[in-house]
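Trainee: So the chains spell out like this:
Protein chains: 2
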Amino acid sequence: MTRPLSVAVLLLALGFCRGHRLDLSPGDELELETRFPADAPQGSLWPLPQKVQTSEASFKLSGSTFAIVDAKRSSAGPSCALLQDAYTRYYNYMFGSAGSQWLRQIRRSGVSELTELQVWITSTDPECDAYPGVTSDESYELTVDQPHAVLKAPKVWGALHGLETFSQLLYEDEYGAKIINATSISDFPRFAHRGILLDTSRHFLPISTILANLEVMAMNKINVFHWHIVDDTSFPYQSRTFPQLSQKGAYHPYTHVYTPTDVKMVIEFARLRGIRVIPEFDTPGHTQSWGKGQLDLLTPCFSSTKPSGTFGPVNPILNTTYQFMTQFFKEVSTVFPDAYVHLGGDEVDFTCWKSNPDVQNFMDQQGFGQDYKKLESFYIQRLLDIVTTTQKGYMIWQEVFDNGVKLKPDTVIHVWKGNQEQYQSEMANITSAGYQTLLSTPWYLNRISYGQDWQGHYRADPQDFKGTDEQKKLVIGGEACLWGEYVDGTNLTPRLWPRASAVAERLWSAMNVTDLSDAFQRLSAHRCRMVERGIPAEPLFSSYCPSEYKHL
Amino acid sequence: MTRPLSVAVLLLALGFCRGHRLDLSPGDELELETRFPADAPQGSLWPLPQKVQTSEASFKLSGSTFAIVDAKRSSAGPSCALLQDAYTRYYNYMFGSAGSQWLRQIRRSGVSELTELQVWITSTDPECDAYPGVTSDESYELTVDQPHAVLKAPKVWGALHGLETFSQLLYEDEYGAKIINATSISDFPRFAHRGILLDTSRHFLPISTILANLEVMAMNKINVFHWHIVDDTSFPYQSRTFPQLSQKGAYHPYTHVYTPTDVKMVIEFARLRGIRVIPEFDTPGHTQSWGKGQLDLLTPCFSSTKPSGTFGPVNPILNTTYQFMTQFFKEVSTVFPDAYVHLGGDEVDFTCWKSNPDVQNFMDQQGFGQDYKKLESFYIQRLLDIVTTTQKGYMIWQEVFDNGVKLKPDTVIHVWKGNQEQYQSEMANITSAGYQTLLSTPWYLNRISYGQDWQGHYRADPQDFKGTDEQKKLVIGGEACLWGEYVDGTNLTPRLWPRASAVAERLWSAMNVTDLSDAFQRLSAHRCRMVERGIPAEPLFSSYCPSEYKHL
Numbered sequence: 001m002t003r004p005l006s007v008a009v010l011l012l013a014l015g016f017c018r019g020h021r022l023d024l025s026p027g028d029e030l031e032l033e034t035r036f037p038a039d040a041p042q043g044s045l046w047p048l049p050q051k052v053q054t055s056e057a058s059f060k061l062s063g064s065t066f067a068i069v070d071a072k073r074s075s076a077g078p079s080c081a082l083l084q085d086a087y088t089r090y091y092n093y094m095f096g097s098a099g100s101q102w103l104r105q106i107r108r109s110g111v112s113e114l115t116e117l118q119v120w121i122t123s124t125d126p127e128c129d130a131y132p133g134v135t136s137d138e139s140y141e142l143t144v145d146q147p148h149a150v151l152k153a154p155k156v157w158g159a160l161h162g163l164e165t166f167s168q169l170l171y172e173d174e175y176g177a178k179i180i181n182a183t184s185i186s187d188f189p190r191f192a193h194r195g196i197l198l199d200t201s202r203h204f205l206p207i208s209t210i211l212a213n214l215e216v217m218a219m220n221k222i223n224v225f226h227w228h229i230v231d232d233t234s235f236p237y238q239s240r241t242f243p244q245l246s247q248k249g250a251y252h253p254y255t256h257v258y259t260p261t262d263v264k265m266v267i268e269f270a271r272l273r274g275i276r277v278i279p280e281f282d283t284p285g286h287t288q289s290w291g292k293g294q295l296d297l298l299t300p301c302f303s304s305t306k307p308s309g310t311f312g313p314v315n316p317i318l319n320t321t322y323q324f325m326t327q328f329f330k331e332v333s334t335v336f337p338d339a340y341v342h343l344g345g346d347e348v349d350f351t352c353w354k355s356n357p358d359v360q361n362f363m364d365q366q367g368f369g370q371d372y373k374k375l376e377s378f379y380i381q382r383l384l385d386i387v388t389t390t391q392k393g394y395m396i397w398q399e400v401f402d403n404g405v406k407l408k409p410d411t412v413i414h415v416w417k418g419n420q421e422q423y424q425s426e427m428a429n430i431t432s433a434g435y436q437t438l439l440s441t442p443w444y445l446n447r448i449s450y451g452q453d454w455q456g457h458y459r460a461d462p463q464d465f466k467g468t469d470e471q472k473k474l475v476i477g478g479e480a481c482l483w484g485e486y487v488d489g490t491n492l493t494p495r496l497w498p499r500a501s502a503v504a505e506r507l508w509s510a511m512n513v514t515d516l517s518d519a520f521q522r523l524s525a526h527r528c529r530m531v532e533r534g535i536p537a538e539p540l541f542s543s544y545c546p547s548e549y550k551h552l
Numbered sequence: 001m002t003r004p005l006s007v008a009v010l011l012l013a014l015g016f017c018r019g020h021r022l023d024l025s026p027g028d029e030l031e032l033e034t035r036f037p038a039d040a041p042q043g044s045l046w047p048l049p050q051k052v053q054t055s056e057a058s059f060k061l062s063g064s065t066f067a068i069v070d071a072k073r074s075s076a077g078p079s080c081a082l083l084q085d086a087y088t089r090y091y092n093y094m095f096g097s098a099g100s101q102w103l104r105q106i107r108r109s110g111v112s113e114l115t116e117l118q119v120w121i122t123s124t125d126p127e128c129d130a131y132p133g134v135t136s137d138e139s140y141e142l143t144v145d146q147p148h149a150v151l152k153a154p155k156v157w158g159a160l161h162g163l164e165t166f167s168q169l170l171y172e173d174e175y176g177a178k179i180i181n182a183t184s185i186s187d188f189p190r191f192a193h194r195g196i197l198l199d200t201s202r203h204f205l206p207i208s209t210i211l212a213n214l215e216v217m218a219m220n221k222i223n224v225f226h227w228h229i230v231d232d233t234s235f236p237y238q239s240r241t242f243p244q245l246s247q248k249g250a251y252h253p254y255t256h257v258y259t260p261t262d263v264k265m266v267i268e269f270a271r272l273r274g275i276r277v278i279p280e281f282d283t284p285g286h287t288q289s290w291g292k293g294q295l296d297l298l299t300p301c302f303s304s305t306k307p308s309g310t311f312g313p314v315n316p317i318l319n320t321t322y323q324f325m326t327q328f329f330k331e332v333s334t335v336f337p338d339a340y341v342h343l344g345g346d347e348v349d350f351t352c353w354k355s356n357p358d359v360q361n362f363m364d365q366q367g368f369g370q371d372y373k374k375l376e377s378f379y380i381q382r383l384l385d386i387v388t389t390t391q392k393g394y395m396i397w398q399e400v401f402d403n404g405v406k407l408k409p410d411t412v413i414h415v416w417k418g419n420q421e422q423y424q425s426e427m428a429n430i431t432s433a434g435y436q437t438l439l440s441t442p443w444y445l446n447r448i449s450y451g452q453d454w455q456g457h458y459r460a461d462p463q464d465f466k467g468t469d470e471q472k473k474l475v476i477g478g479e480a481c482l483w484g485e486y487v488d489g490t491n492l493t494p495r496l497w498p499r500a501s502a503v504a505e506r507l508w509s510a511m512n513v514t515d516l517s518d519a520f521q522r523l524s525a526h527r528c529r530m531v532e533r534g535i536p537a538e539p540l541f542s543s544y545c546p547s548e549y550k551h552l
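Protein sequences appear in the order of chains X and H. Numbering of the first sequence is given in the UniProt record's numbering, commencing with residue 1 and proceeding in unit increments. Numbering of the second sequence is given in the UniProt record's numbering, commencing with residue 1 and proceeding in unit increments.
Don't take each hint at face value.
Since the list gives no way to pick one copy over another, a pair counts as held whenever it fits inside one copy or between any two copies.
Stated by the list, open to error - 30 Å max Cα-Cα, derived DSSO-like pairs, lysine-lysine:
id	residue 1	residue 2
1	248	550
2	248	330
3	408	264
4	373	354
5	72	406
6	178	248
7	248	473
8	178	550
Calculated from the structure, these hints are not laboratory results. Predicted model, so just to flag it, every value in this text is computed and none were measured.
Make a model of the complete structure from these sequences and hints.
Mentor: Listed below in structure tokens is the structure:
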């Protein structure tokens, strides 16, 4: 960012790069390509805060004198480990790159120095040791001015976001000195639930990959890690109650599992960054891997009159199934502190149930006729009752709502299906029934295509459907999903970032922040910032970062 | 690979994973998903050698006793640095992973030990210090048997390929001991030119990224690095004769350039792996970045009667242009040892030439009328004459042939345009005119889509067009292209591998090696091998590797 490109270079993209052996379809891209990251304003913010006022006045900062300190009136002191940890983390983001250490010794004449950021937690309970939740206060106010900058937040969660914003305001002058402009920011999220789904079943993700992505989530003010931890393909969750589940169901019982310690570490690492961890244990479908370690859990499929040796969804007609689920979700409720657990409930294939004579008898007894959706609902209803006894709320995929299962009023219904028209009408139906909802349909980031697909993700809006203001308020946010068929530790991080950043801004910033050209500028700068912090976030288009990613 | 998956897990993909929120189109994928890498045969080879015979008899290998040595009758001895370097490299691939060091101490009773691989260069000149070329002999014969394995090759190039094959034959038994089966292989490439194009202009690629990819090319028996080194967007090649070109035209004159030392290192690193480095200096289009450091090189564009301040392709009407090109390509011919240089010649936009009154006058003088293709050919013809004086052969993109430029008989014409029907007819036309040709159209790996697109790359065949046997012989191979708009050091390697491996096998193995299901098995194992060697090659589908990639 220290070497602005001249106009001639900027024009290149417009006239010459674009068509190069690509046959790109025309569109907004044309306009966007006229700008390069180096053109982005210094201190580009992502996601954009609700209110920002910046002045021309600037201050210099020196790594040797600058400090982040608790304000005197703050309700959080040195014992607030979460904040102390964050101070260290952000100091390192701002001053940690060894490359420009000596440059910072150069004194800029005529520019005042900013030596302190005071962090002031204003409410009586800062929530230092709490877990974040859907009702957590994430707001903050940041004032950068003499004699010191002040970051005010009711709770630590807002302070974490404010530290990220403060770190984003820093830029380097032509001598490599760190500079910040006088700025006043008032900020809060548009939606309370801003999530990313990672799938650790189709491919096992090393803990290092998960932690790195939690780190990037915090940089993007994402506050929910939806951990789709098990599925058909493998069961890497090591259960204390049922160790056979991962012993038999993981890709490997030792090298491809998450131990209780691993899970605890992920949860604490996330908490320190204001991120909730919501595990998904999807049933009754998507459970093939469960069946390997838990006999009789899955429905035996029949071929004509004999068991075929294959298995279908969870067996909904046995009492043992519900005994197992009771014990299993009791464990889950203690391992994962979040108030919600995601219970899945999507894509139940009825073929196997239909083939099984015991299931058919059960259907007759219950008077379900041939309506297998009723059997599915029967199972889900009992599961929800079980989970309710663990004092957890639940999230479920939209099919459960579509099938008319009776849900607790605080249930969150997760929309993932259909085209734009269909998901908008689904959102309308769900909110019209008085339920809270989350959108994912337009944000299936596993689906890749050639070119700048972040623009489509950026354009989607979870409140864009026909409904009353009351209905719109029931939209608590959305999640970007990265299903695991084609990603693992080798390619997950660059495939997710900065594409998920587009979703992050949609869910945090004001509804009217929709200018694609401005977003391109800021996002390009933000992606270089992620690269600078060691994250291999992929490029948006032909361009460069001052410091390129040099690993593989 | 030590823990084969049971049938039940293998069936998962078929019945349950596939539809998961994906709406994949049906096709061959269905069949392929029934197999997991862990199911792949031990010692999976990629690309498949021309002839392989394997027996059940197996030998164990110990890192503490095994040696790769020059055979007594070999024409290459300890002074052949290329081979000595390769012995070290392959020893480390085979025994270098610290993880299983102690396991290798376990002695397997009843299994003989293989302690030596003798490398025997059979021709009088092993070509130890030479550069590989399009006529280099790359054949080898490998016999794994008691008392030692023998790798025979006329030249070092074949020996390098044989070492790779030998290393691929190794697998681990359940105790982690290294095992190899008695095997006899006779191998040679189907095509002499098997290339990968990387673009260092749209994004600068760090040297570490280039070297890592050369390393992977060798693992895939790719023998040409087509270095699309400069283009409109930036000019990172540091010229000794014209230092201003990168000084003004690179993204940054110091951090985003390839110095003469860098270039030398890339060439030598490639040579040691049997890889040619063919630079592309594309003119007269795609040259915006050249114009920043070389005044008057580009055509000034006019807006009505005045220069608009923007520039078009290289100015073909000035003598100074040809004087510059003479000096520049003289330098290029000494910096790059390969017998060929790629001169580009694609996508020339006539708009600017048409706008310029001096160009119009020149057209009149030459009697070109309004046919700007004649002007383009005029330029290219003079350029080819200039390059001919440097004793280099040249490769050019297909437009130069299409426009009827007079070409030397040894010219290689590079096909990149059109749909399948169009490129097949282009290949027919080129070979019918007696020229050698290379195919890239179906292998634009920068174009990504969701799912297993390697299958399409694998199906394409450069000799699949209507023509005589003589014509087919003029097809010297192909190149996978990874244009740089959307890739840099953050995502290039996982995006390229193992997708480029599909092209590698098409160009090396026999024409009838086309079984997608077998290829899926071997390629999955090969991608885990690349991961094991530290390369973040992305997964083909839901699966796991014994040792996952654990960096970002």
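Trainee: Going through the earlier hints one by one, which of them does the structure break, listed in rising order?
Mentor: Structure breaks hints 5, 7.
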